[in-house]
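Enquirer: The primary structure of each chain is shown beneath.
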Amino acid sequence: MEELTPAAAAIDIRNRLRTSQAISLLMDKPPRLPMGRYWMVRLYVALSVITNCLVAWFEPASLTAQMLRANPTGWWLLSILCVLATVTLADIFINDWLPPQYSFPHAREHRHLVYIAIAIGTFCLTYAILKERGYTALLLTYWVDAGFAAGVAALDLFARRREFA
Amino acid sequence: MTTKFLRACLQALFWIVVTTNFALAATAASLAPSTSMPLDQALLSFVICTFSGVAALLRRIDKELKTNPGPLPRPALFCAMHLFGSWLAGGLAFVAGQQQHFDVWAEIGLMIVASYIGAAWVEAFAEKLSPSTPREEMP
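Respectively, the protein sequence lines represent chains Z and Y.
Residue numbering for the first sequence is 1 to 165, as defined by my numbering.
Residue numbering for the second sequence is 1 to 139, as defined by my numbering.
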């Protein structure tokens, strides 16, 4: 076998180490946080969206219900928001609360997109209400929720990537 | 040199956004006096466009941090690229929607899609001009 110089040997060891690390990264599941960050805020955002949908469904005098009577296409947006909120709840339940052997990796990997979609959807809902009825201070509740959703999307993305780095 | 050139491009882009939107708004107001462009809707559409640009930005940051964990290269420029693109395209979409009296959902959809594509397009354009700085390899 060819004798390696010390420098070449060092490079060889480094390359082997790199390969073994790459293999272990490929084989192993990504490390898991002991308790997901911001799960309480995420739970609040999901429950708030579901509450808004239920209020629109069961309370005809609500702002959303009045807007939906004039623009029935908005039910599609409300349905999409409901689906996103359900995905969020499943993410919190499986990835944060259940033991580590249970995981929902797709929801965890694309969590930031789900939350930013919730924020955009909520703003779209208020845009339709604004166009239909004009400004009312009741819209502030939607905007606060959308702001929280966008904030948690950005914070969670950075926290997750920093944790896995 | 490349960073200076990119900054100049972004400054030019910013003024294009501002002047184009003002020019289109003024044209809309002068050609169709009955068409009012309400300030509250304009502000909310600005917020929607910003959030759509933020969605493109978060997607890009996620991709960047997945491949190269560590601090982002030139984060201010990184954000500005996306937001200017989304404001430019979203502003134009809003003005077009108002002018053409689109349905509210068509207007919202147009704004979201336009601002997302605008953010992605400007980011791709800037990346072509000045690729991300090469960072040290992972150990």
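You may find that some hints are simply not true.
As the list claims (entries may be wrong) - List of simulated lysine to aspartate or glutamate pairs, EDC-like, C-alpha gap at most 20 Å:
#, chain 1, residue 1, chain 2, residue 2
1, Y, 128, Y, 40
2, Y, 63, Y, 127
3, Y, 4, Y, 127
4, Y, 66, Y, 127
5, Z, 131, Y, 127
6, Y, 66, Z, 109
7, Y, 63, Z, 132
8, Z, 131, Y, 64
Please keep in mind that the hints were generated in silico from the structure rather than gathered at the bench.
Enquirer: Look at each hint and say if it fits the structure.
Expert: Hints versus structure:
Under the criterion of a C-alpha separation no larger than 20 Å, the hint pairing residue 128 of chain Y with residue 40 of chain Y is inconsistent with the structure, at around 37 Å. Distance hint between residue 63 of chain Y and residue 127 of chain Y is fulfilled; the C-alpha atoms sit about 14 Å from each other, no more than 20 Å. A hinted pair counts as satisfied when its Cα atoms are at most 20 Å apart, and residue 4 of chain Y with residue 127 of chain Y qualifies at roughly 14 Å. With a C-alpha separation of about 18 Å, the suggested pairing of residue 66 of chain Y with residue 127 of chain Y holds against the 20 Å cut-off.
For the proposed pair residue 131 of chain Z and residue 127 of chain Y, the alpha carbon gap of about 38 Å is over 20 Å, so the pair is violated. About 11 Å separates the Cα atoms of residue 66 of chain Y and residue 109 of chain Z, which keeps this hinted pair within 20 Å; it holds. This hinted pair does not check out: residue 63 of chain Y and residue 132 of chain Z have alpha carbons roughly 39 Å apart, beyond 20 Å. This hinted pair does not check out: residue 131 of chain Z and residue 64 of chain Y have alpha carbons roughly 38 Å apart, beyond 20 Å.
Consistency note: the structure conflicts with the earlier hints numbered 1, 5, 7 and 8.
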